[in-house]
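Chain by chain, the residues:
Number of protein chains: 2
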Amino acid sequence: MTSSADLLRANELRDRVDEALNEWIQAARPSIASISPDLEAFVDTLAAFVLDGGKRLRPAFCYWGYRAALRPGGDETADDTIVRAAAALELLQACALIHDDVLDRSDTRRGGPSVHRRFATAHHAGDLVGDAEAFGNAAAILIGDLALVWADAMLTGSGLDPEALQRALPMWDAMRVEVMCGQYLDVVEQVRGGGSVERALRVARYKAAKYTVERPLHLGAAIGGGDGDLLDGLSAYGIPLGEAFQLRDDLLGVFGDPQLTGKPAGDDLREGKRTVLVAYATEHANDEQLAVLTSRVGDQQLDADGVEALREIITSTGADVAVERLIAERAEAALAALESTAMADDARVELRALATLATQRIR
Amino acid sequence: MTSSADLLRANELRDRVDEALNEWIQAARPSIASISPDLEAFVDTLAAFVLDGGKRLRPAFCYWGYRAALRPGGDETADDTIVRAAAALELLQACALIHDDVLDRSDTRRGGPSVHRRFATAHHAGDLVGDAEAFGNAAAILIGDLALVWADAMLTGSGLDPEALQRALPMWDAMRVEVMCGQYLDVVEQVRGGGSVERALRVARYKAAKYTVERPLHLGAAIGGGDGDLLDGLSAYGIPLGEAFQLRDDLLGVFGDPQLTGKPAGDDLREGKRTVLVAYATEHANDEQLAVLTSRVGDQQLDADGVEALREIITSTGADVAVERLIAERAEAALAALESTAMADDARVELRALATLATQRIR
Chain L
1 MTSSADLLRA
11 NELRDRVDEA
21 LNEWIQAARP
31 SIASISPDLE
41 AFVDTLAAFV
51 LDGGKRLRPA
61 FCYWGYRAAL
71 RPGGDETADD
81 TIVRAAAALE
91 LLQACALIHD
101 DVLDRSDTRR
111 GGPSVHRRFA
121 TAHHAGDLVG
131 DAEAFGNAAA
141 ILIGDLALVW
151 ADAMLTGSGL
161 DPEALQRALP
171 MWDAMRVEVM
181 CGQYLDVVEQ
191 VRGGGSVERA
201 LRVARYKAAK
211 YTVERPLHLG
221 AAIGGGDGDL
231 LDGLSAYGIP
241 LGEAFQLRDD
251 LLGVFGDPQL
261 TGKPAGDDLR
271 EGKRTVLVAY
281 ATEHANDEQL
291 AVLTSRVGDQ
301 QLDADGVEAL
311 REIITSTGAD
321 VAVERLIAER
331 AEAALAALES
341 TAMADDARVE
351 LRALATLATQ
361 RIR
Chain A
1 MTSSADLLRA
11 NELRDRVDEA
21 LNEWIQAARP
31 SIASISPDLE
41 AFVDTLAAFV
51 LDGGKRLRPA
61 FCYWGYRAAL
71 RPGGDETADD
81 TIVRAAAALE
91 LLQACALIHD
101 DVLDRSDTRR
111 GGPSVHRRFA
121 TAHHAGDLVG
131 DAEAFGNAAA
141 ILIGDLALVW
151 ADAMLTGSGL
161 DPEALQRALP
171 MWDAMRVEVM
181 CGQYLDVVEQ
191 VRGGGSVERA
201 LRVARYKAAK
211 YTVERPLHLG
221 AAIGGGDGDL
231 LDGLSAYGIP
241 LGEAFQLRDD
251 LLGVFGDPQL
261 TGKPAGDDLR
271 EGKRTVLVAY
281 ATEHANDEQL
291 AVLTSRVGDQ
301 QLDADGVEAL
311 REIITSTGAD
321 VAVERLIAER
331 AEAALAALES
341 TAMADDARVE
351 LRALATLATQ
361 RIR
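Respectively, the protein sequence lines represent chains L and A.
Numbering of the first sequence is given in the numbering used here, commencing with residue 1 and proceeding in unit increments.
Numbering of the second sequence is given in the numbering used here, commencing with residue 1 and proceeding in unit increments.
Keep in mind that the hints are not guaranteed to be accurate.
Reference excerpt, derived from the structure (chain A facing chain L, CB under 10 Å, subset only) [said to hold, decoys possible]:
#1 S36
#2 D38
#3 A41
#4 L97
#5 G126
#6 A139
#7 V188
#8 G272
#9 L290
#10 V292
#11 T294
#12 V321
#13 E324
Just so you know, these hints were derived from the structure itself, not from any lab.
Each residue gets a CB set at the ideal place from its N, CA and C atoms; glycine is no exception.
Input sequences plus hints: build the corresponding full structure.
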């Protein structure tokens, strides 16, 4: 589906986002490190986290949302500026991931220890007093907070002209509120137990679809001066695509290759995530299967055999096939909306490629 | 020291800040609550936290920093706008307090349960699965994140003209970074144990002095168009005053009346806070006293007798008297700086009254 020319462009954009993040962090670091040598670990952990790769999907949606809004010859925002504004999304994402790992008590991220785990380990290794886990959580909460503040400072300091910034800020605020709401609903589903496909889809919409795809597109389009029709079209493309993205994530969280996902096999099951996949299995399980799902999903002690048993139940209820079908339906709806929305042609080409990248990925 | 006319003005400002917060929250609430009934507890807990009083000191410093910058007849920002911008500081403070209670594992705030404790209790009371403490922490982290985002949305949506907002944002960003750094240094001191007056003063400077007094003043002055001389003068007043404020807090955290502070007696000692007070006592303790300080400060099981024993050690090292002296010196330096800085006369009168309020308070 994706031509090599598109992939080249995607890689080039990713490199430029990395470069913008690196420049911004290098400029922000000294004023913090100079306060106290104790702050070096604080700021350097965040810097390493942000600069350690990632797919940079949100900046890509933001950038192409911006390009979608441009009329021929109408580019008024310097390219560096829009890349910087788009890159700020990665700092917001750093906050979301770092706090998420604390919420989920998840010890692994991208194949290495999560931030709270790193600080808990440093506590154990050092000659320190108090509780190591509490120290790890405290450091991670504050590093996430710093990421949230940096995200904001990078966006407002990106060089956008005041009018473009004024158009961007309502999208930025809505996005941030929606992701916090989605995360909270996710946590509530975990403690509620059981499963509801309807509720799980709502979590996916707020936590992922709006946050990962729709709002980044809106942010870029608002900066580019896009009108209401474009924003509506980008929603019609972005929301089903974002839901498909999250549904793919749900499948990878249970069936993914740990080498590629950077998370232990079955981590979502151990954390008790009430994904659409798990909710579908719960709704379609027989009594015996339901008893296993109820007792083992969210069991922190779940071992490889336990993960395998849950996988078999999920498969035998047809949940994996059902989720693949939901992904296909949503990807199709997204692509149809893309074709029927008026926008700059090069943006349409890239957004088509991004739809494939987001839904057919293996990590 | 404070005339009744000044107190009236202080109360009036506080009421207007409360009103601005209430209006803002009522306007922001529906879009969240409409997503899911599950979000009502999420948003209402934050609303109740923010609207449940507080001294509104930060908005007061911001407002009077703004007034200090005004030239006679030069008020271009509508009064409602600056009150809204100043009130945003209370949402930031809500984030700081809610996250702080998670960091410190503090179960009490303003005489009632802290936010994470409320949600942990709701988990126990409901028929819910998983770990109640983890659920409480997760909810509190996300509610604090929402407060941080709301703070930002309230400031940028306050109605400030774009130029005033551009002048305000660097102060806003610096303040938020500084408070996260101060909080982190505070956590590091707690796990390092022991005590250093020098390091404890640095924590007080970043966590409290800059965040509570200097930066709110700067934020207001920047909005009012104040020049570098005014900002410097406000720093010379604000930093010692803010340190004095924190030192008073340290004394109240150990010797304060729980009925007035809303925190259990000796809570700072139980949490292991390495305040200037504790650091001074540690530096001046004999071997026997040092052994008690080392083993009992930060002991979550500390009872009333344990608190009393630590109080006696603190008093016998002269730490309380030394801290009172530091407060007096700083209050004096702040007032001297206030007199020698050119500013609007009515602002000087109010800032003089605020200095008394912040350093001689009993809660």
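Hints, verified against the model:
Interface restraint check: S36(A) against chain L, minimum CB-CB distance 6 Å, threshold 10 Å, status holds. The interface hint given for D38(A) is met, as the beta carbon of that residue sits about 5 Å from the closest beta carbon of chain L, less than 10 Å. Hint on A41(A) holds. Least Cβ distance to chain L is approximately 9 Å, under the 10 Å limit. Given the 10 Å rule on beta carbons, the hint for L97(A) is violated: about 13 Å separates it from the nearest Cβ of chain L.
Restraint check, G126(A) versus chain L: the minimum CB separation of about 8 Å is within 10 Å; hint holds. For A139(A), the interface hint holds, since its Cβ comes within 10 Å of a Cβ in chain L; the closest pair sits about 7 Å apart. Interface hint at V188(A): satisfied, since its Cβ lies 5 Å from the closest Cβ of chain L, which is below the 10 Å cut-off. The beta carbon of G272(A) comes within 6 Å of a beta carbon in chain L, closer than 10 Å, and the hint placing it at the interface holds.
Hint status for L290(A): violated, given a least beta-carbon distance of 14 Å to chain L, over 10 Å. With a cut of 10 Å, the hint placing V292(A) at the interface with chain L is violated, because the nearest CB-to-CB distance is about 15 Å. Nearest Cβ of chain L to the Cβ of T294(A): about 8 Å, under the 10 Å cut. The hint holds. Taking 10 Å as the C-beta contact cut-off toward chain L, the hint placing V321(A) at the interface is violated, the least distance being around 27 Å.
Violation of the interface hint for E324(A) is found here, the shortest Cβ-Cβ separation to chain L being roughly 27 Å, above the 10 Å cut-off.
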